[in-house]
Amino acid sequence: MYKILFKQTLLPKIHLMRIEAPKVAAKAQAGQFVVIRIDERGERIPLTIADWDNKEGSITIIFMEVGASTARLAALNEGDSIMNFVGPLGLPTEIEKFGTVICVGGGVGIAPVFPIARALREAGNRVIAIIGARSKDLLFWEDMMRTVSDELIVTTDDGTYARKGVVTIPLKELLERGEKIDRVIAIGPAVMMKFCSRTTQPFGVKTMVSLNSIMVDGTGMCGACRVAVGGVTKFACVDGPDFDGHEVDWDLLAARQRMYIEEEKMSFERWLAKHAVTA
Amino acid sequence: MPKLNLNREEMPRQDPKARGKNFSEVALGYSFEQALGEASRCIQCPKPLCMTGCPVSVTIPEFIRALREGDMPAAAKALKMKNALPAICGRVCPQETQCEQVCVLAKRGAPVAIGRLERFVADWERRQQEAASAVLPEPTGKKVALVGSGPAGLTCAADLAKAGHSVTIYEALHVAGGVLMYGIPEFRLPKEIVQADINYVMSLGVKIELDSVVGKLFTVDDLLKDGYDAVFLGTGAGLPMFLNIPGENLNGVYAANEFLTRVNLMKAYRFPEYDTPVKVGKKVAVVGAGNVAMDAARSALRLGAEVVYVIYRRSRAEMPARHEEVENAEEEGIEFRLLTNPKRFLGNEHGSLVGVECYEMELGEPDESGRRRPSVKPNSEFTIDVDVAIIALGTTPNPLVAQTTIGLDTTRHGTVVADETTGRTVKPGVWAGGDTVTGAATVISAMGAGRRAAADIDRFLREK
Ligand SMILES: Cc1cc2nc3c(=O)[nH]c(=O)nc-3n(C[C@H](O)[C@H](O)[C@H](O)COP(=O)(O)OP(=O)(O)OC[C@H]3O[C@@H](n4cnc5c(N)ncnc54)[C@H](O)[C@@H]3O)c2cc1C
Ligand SMILES: Cc1cc2nc3c(=O)[nH]c(=O)nc-3n(C[C@H](O)[C@H](O)[C@H](O)COP(=O)(O)OP(=O)(O)OC[C@H]3O[C@@H](n4cnc5c(N)ncnc54)[C@H](O)[C@@H]3O)c2cc1C
Ligand code: SF4
Ligand code: SF4
Ligand code: FES
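The listed protein sequences correspond, in order, to chains W and V.
Under the working numbering, the first sequence has 195 at position 195, and the numbering climbs by one with no breaks.
Adding 1000 to a residue's 1-based position in the second sequence gives its number in the working numbering.
Since the hints were made in silico from the structure, they are not lab data.
Note that this is a predicted model, so its numbers are computed, not measured.
Watch out, some of these pointers could steer you wrong.
Claimed, not checked - From the structure, some residues in chain W lie toward chain V, with a derived Cβ separation under 10 Å: (1) K27; (2) V86; (3) P88; (4) A254; (5) R256.
Here a beta-carbon is modelled for each residue, glycine too, at the ideal position from N, C-alpha and C.
Please model the entire structure based on the sequences and the hints provided.
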């Protein structure tokens, strides 16, 4: 069992938890993820490592309530435990001294971008961060991102906070500004990563994305996480999750993410119904 | 000499109609009378050939004699001497090509049903609550780490613990047992039985650390540095192979590993009570004809598919699955499309599978495996409508451990190079066995490898 040491509700549907897993904390690197299972009946779901604390022996996860599993996780509190916690999985993000790097985080994708931006900065890069959300009440960790970036741009789609518009607008401006951009890292919903990749392509700037395909084991055993990159099938859990965004087959990713949409809906409605009774 | 009895006791089984709808075990097991009847057919050969066919050298005549004399504890003891997992082997060993193939009565067409007797004795023992708490020897103070808790790892662990070493198994998944838990379905190998055998291994003092992916959480070299005197790799062959044809990434096309893992390990057959879903579909095609294909096909049927095809590019004679399971599948209504091979998968506008286009095949000259080589009949394409396809072409070893271990030798098939009789790899202090060395094989051959490695590790530790 893995104990929840700390829980913070960042926004109504977005929660942060620090989970006791000292061995995972000792090995975690930016860009890696964990697979968790809440209890005996739970499914295995992947969540990115948002931070780690070797002294406390903990891993920080940040997740959005989108369905039954994440809602069930959100219902747990400090002191509760989850049954399984496996990691650190996937290849770490490539960290080198590239020069100037733009890190783009969209929605809950801000969480995984944070340790990457930090590692890039520690490696001597100039980090420009762009974080965006649909509206003000879906934005978090602006302060945290500020501590790890040389320049920070914040957007909201509806203009309720900071700049109005989607993250690709400032991204394009930066690329057009004329200074040399050596690499872009974009993490968020699949559409956002797709359009970030489209934006950078004409400028020839290498753009890495973190693919959130459906997973089961996370160790290369099942093939659920198949993605196509450069026309070749890859397993996101072991060959990724980071891939070159200019090579990704985005339509395939989007289609495969919808595979269980009916079952997910049924499962969530069932949970909501039950929850309403007990609450 | 008394007259030979050539009438094998039939195994009672669930009715095919009923069992096609449930996940309960198909084979029901012998009654005591049936077991005695079958045991009495063994002529107790002084030089028992049957034992030469068993990869772990179970003392077959000895356990059968004890059973015949009604001394069940002695029968169980004799079995467990050589086989830590008899309830499993009695169910899933391909006996027809091992112990039973070489039994003297096989020449007369009716070998002693060794597997069924083994199962009977093991099941009896499991029901005896006492489960004879094993007397363990003095601890040797030596520590061994095992990677993977499939049959190879469990057998190796049991033997090392019995020799007094301190044993820890690191397992990537959230349950122990390897393929026995995530691959082979409940109706053929009830998980309760696997768990009972795992509990037995743990009762010997073996520790099992779940959720531990070696190569990620720590490496084999870390284990050696952290005070383990030896490491055994029993990581299996878990990486699924695909056909590499168009449409293979459509929604509805599964690797057998994923389909079976969702069903067995994650209990998707009890969705939504359990959280993991699986798409079953009305019309299902399984590609391949090994044990894995039979298990996938029969699982799909039980989950409610209306029709399930097994698509195989060779003919019946070449099917690699156990005969008994092919018969079971056929009885349950699985349709075999032999001499057929997929060309591409067809999808709709949502990216979901709607059909598989196939070629007809014909058999030519034998290839290096001795089986006749199939080739495509020109212009023979035809389409089968299906909404789910399950690829069961086999698996290769997961490269995770080999990639992260300094100085381990692997073949171009990705298998770990290890000595056949000792399991030693070229890396000092590291042994390997089971599917990770041989490629996908059998439960009992993995156990045999685990046993041989344990003996060699023990020798190494005592000399150290
Ligand atoms: C490598 C990786 C890292 C991720 N990191 C984070 C993170 O840090 N924070 C976060 O909020 N989310 C993250 N996700 C997504 C997260 O796994 C899903 O939101 C979660 O599984 C949804 O489960 P659910 O039952 O609550 O929702 P559901 O209703 O089951 O599904 C909602 C959405 O989640 C996707 N999903 C469902 N099951 C899985 C699964 N087993 N694996 C992957 N996706 C699934 C579906 O495609 C669907 O779009 C990550 C995904 C991957 C692959
Ligand atoms: C569906 C199916 C049906 C089968 N039917 C039969 C049958 O009827 N009869 C028969 O004899 N054989 C059958 N087999 C084959 C048999 O199950 C295997 O040959 C046998 O299980 C191999 O044992 P193993 O111990 O080598 O590996 P496995 O059983 O594969 O176990 C390996 C274990 O190692 C773990 N592991 C892998 N990598 C790591 C890592 N990096 N860190 C930690 N742990 C790791 C895995 O999670 C797994 O638990 C079947 C196989 C399948 C898939
Ligand atoms: S372990 Fe398998 S091969 Fe050996 S005697 Fe038992 S059934 Fe036969
Ligand atoms: S070979 Fe057959 S008859 Fe002879 S001892 Fe073995 S099981 Fe009995
Ligand atoms: S999640 Fe199973 S192979 Fe990637």
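Hint check:
{"no.": "1", "hint": "K27", "result": "6 Å, holds"}
{"no.": "2", "hint": "V86", "result": "4 Å, holds"}
{"no.": "3", "hint": "P88", "result": "6 Å, holds"}
{"no.": "4", "hint": "A254", "result": "8 Å, holds"}
{"no.": "5", "hint": "R256", "result": "6 Å, holds"}
Hint compliance for this structure: every hint is met.
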